[in-house]
Structures are given as structure tokens and as C-alpha cells.
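Student: Residues per chain are reported as follows:
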Amino acid sequence: MISRLINRYKNFFSGKFQKLNDTNFSLKLIHWLLPVFLFLTATFYEIIEHGWKHTEPFTISLSAEIVFFGISGPAAIALVIGYMRVLVKSETDARQKFEVLNRKLESEVGERTALLAERNQQLDDANRQLKRVDEMKSEFVSLVSHELRAPLTALNGGLEVALQSTDTLPPSSRRILEAMVKESDRLTRFVQTILDVSRMEAGNLTLNLGPVAVSPVLHRAVEVVLGSRRELTWNLPDQIPPVWADEVYFEQILRNLLRNADKYSPAETSIEINIEVCEDTVSVEVADHGMGIPLESQDKIFERFHRGETGESAPPGWGLGLYFAKKLTEAQNGKLRLRSPLTLDTEGPGSAFSISLPIVADEPEEGKNV
Amino acid sequence: MYEILMIDDDLTLGGLVSEFLTGQGYTTRCAANGHIGLRNMFERKPDLVVLDVTMPQIDGWETIKRIREVSDIPIIMLTARDSESDILRGFSLGTDDYITKPFSFAQLAARIKAILARKGGSVGVEHLIGGNLEVDIPTRRVIRDGITINLTPTEFNLLVALMLHKDEVLSNEDLARHVWGTQYANEISFVRRYIWHLRHKIEIDPEHPQYIHNERGYGYRFQAEE
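Chains as they are written, first to last, in this note's numbering: chain A, 629 to 998; chain B, 4 to 229.
Take the hints with a grain of salt, since some may be wrong.
[Unchecked claim] Subject to a maximum C-alpha distance of 25 Å in a straight line, what follows is the list of computed SDA-like cross-link-like pairs (lysine to any residue):
(1) Lys-955/A - Asn-153/B
(2) Lys-810/A - Glu-788/A
(3) Lys-955/A - Glu-87/B
[What the hints assert, rightly or not] Chain B residues, not near chain A, derived (Cβ > 12 Å throughout):
(4) Leu-14
(5) Phe-45
(6) Pro-49
(7) Leu-119
(8) Arg-121
(9) Lys-122
(10) Ile-132
(11) Asp-148
(12) His-168
(13) Lys-169
Please keep in mind that the hints were generated in silico from the structure rather than gathered at the bench. Note that the coordinates shown come from a computational prediction; the quantities given were computed from them, not determined experimentally. The beta carbon of each residue, even a glycine, is placed where N, CA and C say it ideally should be.
Can you build the whole structure from these sequences, using the hints too?
Tutor: Next up, the structure:
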């Protein structure tokens, strides 16, 4: 019962006093109550003073003092508080306006965020679709390449069988067979590159990394691609430390660079092979004296299906070699760079591709029993 | 004369392989699918089977399973699938070799010859064994305790050079000559690095090697310790 009474009073007073938290209401209260209180206090005091003492005449001086102390003072205070109220009101109005603007802004931000989320969702959907299309393309390419492998085996094998008895063939047939072998090899390489690229893009290319001797691999690649057809300028240091790479793919990249240098430079010019040993990398550069690669094409040269030259007179190619070479080099923590022209003359000829790979770390000193 | 059974639905390829192998002195027979192939195998009892993987009705995987239930005849699988998982699947099912298309007929003939030589007991230098380590030169496979170890071509050649001269000490010069040829004398100074990495792939504890031992001042020796 007592606690119910306490609660009732608590609610009553909290309702009344809650308004006092409002600055405007408090100022309004003070604006009127304080002057009235001062007026009443002063008037009451003067009346008491003049009526009680009898020393002060209860006439004009009482009226003057009441006017002076009871009216002027409280009026001045009322004016000051009034001015303060105006200031507070303008501040309150400004704050309210600010709050309205803030709410508007918040709602706009909310709308924009929702719109952005919607756009993001659309972008995600589009990305997923693109990825799916890309996967389908890779699957298709892979399927077609697989399907091409069986007839290629028969084609290559058939040529191999036919070439076993070239002695009995007329020279023209032999030449035709040799040309077919060459083209069939090219087609086989193409199919293999497409398969490698699609496997790499799908993240299924496995590298077999280990220490690789640069010089033997480079000489083997030169022997296979160029034989003794081209003049070569070698610039090799005495000691070349082994690099950390996949031997098969490293040789494939070198063959690709050599094949390009051979294709894109006149047969009478030499191909330069430079090896530079830096602090922690070995760089193999293949430079040719062909027409070079214009500056505007240089950043596109490593893109998929980009061809240095197009048109009927362009050398055969598919624009996959350098793209694959760069991706493969990067997968081995290496770098594939282009420098063209070879001289300081910006219009000069020649281009050089260099592959840099990390040097194999020196092994720790072997123990007694090792 | 060895008889070879070719099971492949690609009759053109089968015919060409047959013709090539006949030219190499083998008797050949072609089967267009797994059923005919299995029947031919039981009737003719060939010396080796060349088996394609992708075929209608029963494919190469199923065919090899059925062959292995009753026979340990040498089998070479041919396929356009060259992923590592497919190759491992082939070996786990019991194939002796695995060739991916496109392949050269000469390479196929060399592998057939190696497998038949092994089967005939003339293991020669094509299959090397040292303790629990086995090296098959034609297929370039290295197996330790039944697990295949991936070596780079250089590491493989180094290991073969050491195993071919088991218990002999080979100097760095000898190893460089075996692996890269006489003209690459400059590689001698780096042989130690190759051996160090090779040990990390084939030894169980490279700090206490069981296979490749260092003879200080001389070179390296292959000796399998039990």
C-alpha cells in the first residue's frame, strides 16, 4: 500500500518536473517568475520599511523606491532574460532545422545504400554469369582440345609410319610429307598450348619446381628451335647459378621467346642471347633486330590473343605464346619483361624479352655424416 | 614374336599403331571396344595390352579392373586425359605405363620394348632398385615405400647416374658429365645444391641420408642403408 502511494507521487512529480528539462520552458518560467518575485519582494520590503519604521515618510519616496527597486530592476532582468530567450529560441530553431536536414540526409544515405546494395547484387550476379560463361568457354576449349588429341595422334602416327619408307617415295611426295609433319607439329603445339592455358586459368596447372641449370636448358632450346639456321651472339657469364623453376616450363618459355625472335626478325640478322646474374636472380634475355614493338603496343603484347602483326603477311601465330609465357613465369615467382627498341633511339629497331627467375638459395654447409 | 593387343574404339589410330608395331616386328590385334578386347585377351593370351581409356560400353578403367582380376599381363594405357589424378588412377588400377595423346609411335614402341624386356626378366638398367627406392627409367617414375616422388628432370638424371653406379663414389665432375654432358663443366660448382634438394625429396631424414652419401673431398655415393 505504501509502495503504491510512493509510486503514485513519484509519477506525479516526474510528470511535472519533466517539463523543467526543456530549456525553453525553464527560461519562460524564469522570464516571468523572477521579475514578479523581485517586484513583490521589493514592494513588500518597501511597504514594511516605510510602515514599520515611521521614520520614512509613507508618501512619494515609497512610490519612487517601489518604482525604482520593484519595477525598473525586475524589468531590466525581464529584458535580459527575454533577449536570452530569443537567442535560445533561434539556437533551438537552428538545431531543429539541422536535425530535420540530418534526418533527410540519413534517409537519403539509406536510400542510396539500398540502391548500392541492389547494384552490388546485380554486379555480383553479372560477375557470376561472366565467370560461368568463362568456365563454359574453358570447358569447351578443353573438350575441343581433348577431342583434337586423338585425331592428332593418328595424324602424327600416320606420318611417322609413312616417313619410315621415304626411300621408296618420289621427292615431291617426300617434300609434301615433310611439310605435313611440320604443320602437324604446329597444330599439336597449338592444341597443347590451349590445353595448358585453360588448365592454368582453371588453377589446375601443377608446377614441378626444383633447381634448374640455365645453360644446358638454354642450349637445348636453341638447338631445337634454331639449330644452326641463325647467327647467334652469346653473352654468358662464366658462372651461372641454378634457378628455382619448373624445368619443362622454363624450357618451353625459352623456346617461345626464341621462336618469336626467329619469326619477327630478318633471317640475315643475328639473335642475341644475354644472361645476367644479379644478386638473387638470373635473367635470360633473347634480343632480335627485327622491326621492334611500338610503344603503344607494348603493354598489350602479353595479353591473350594479342598479335604483334596482323594481316596476310604476318607470321603465323595465335597470340597465346607470350600470354602463357608471362603467366607461367609469374607462377614460378619470376618476371618476363620487354625492351624495345634495343637502342636509345626511340624509332630504332629490335626488341628483347628477358625472363628473370630466382636463384636457388645456397645449401647449408653439410655436416660430417652428410 | 611378341603379340600385342590394342583395345581402342578409334579404328584409324588402332590400324596405324598396328601397322607401325608390325613394322617393328610385333604381331598385333585390334579390338574396337572393351568387351571384344577382354574376349580377345582370354582367347589369344597376348604378351601386352595397349588400352584406350575413353571407350563406349565399358571404358578403359573398367576394362583394366576386369583384366587385373585374372591376369598380371603388362598394360599400357593411352588417353587424352593428362591430369595428375587420372595418371595416378591409372597406376593405382595396375597399369604398367601411361601415355597421353598425342604421342609419337616411336615413343610407344620404346615403352613396349622396355616393359616386355622387364617382363622377360632382362631388367637390365631400366628398372633400378636401392633399398625401398625404385626408379623406372622408361616411365621416369621414382617410388619410395610405394609412394610416387616427383622429381625434376635434372634431379631424376642425377639419381639415375648415382644408382647406375651403386656403391661407387662419383665426383662432381662425373655427375655433371652424366647429367648435362661434358660441355657444361661450369655446372660442377653447383652439384652440391642439386644433391641437397634431391635429398630433401628422396630421403626420409635428409640430415641423416639413407641413400646418397657424401664422401668428403671425393664426391657422392649411392648406397641404400637398411
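Student: Each hint should be assessed against the structure and marked as holding or not.
Tutor: Evaluation of the provided hints:
no., hint, in the structure
1, Lys-955/A - Asn-153/B, "22 Å, holds"
2, Lys-810/A - Glu-788/A, "12 Å, holds"
3, Lys-955/A - Glu-87/B, "21 Å, holds"
4, Leu-14, "10 Å, violated"
5, Phe-45, "27 Å, holds"
6, Pro-49, "20 Å, holds"
7, Leu-119, "20 Å, holds"
8, Arg-121, "24 Å, holds"
9, Lys-122, "24 Å, holds"
10, Ile-132, "23 Å, holds"
11, Asp-148, "20 Å, holds"
12, His-168, "20 Å, holds"
13, Lys-169, "19 Å, holds"
Violation of the numbered hints given earlier is confined to hint 4; every other hint is satisfied by the structure.
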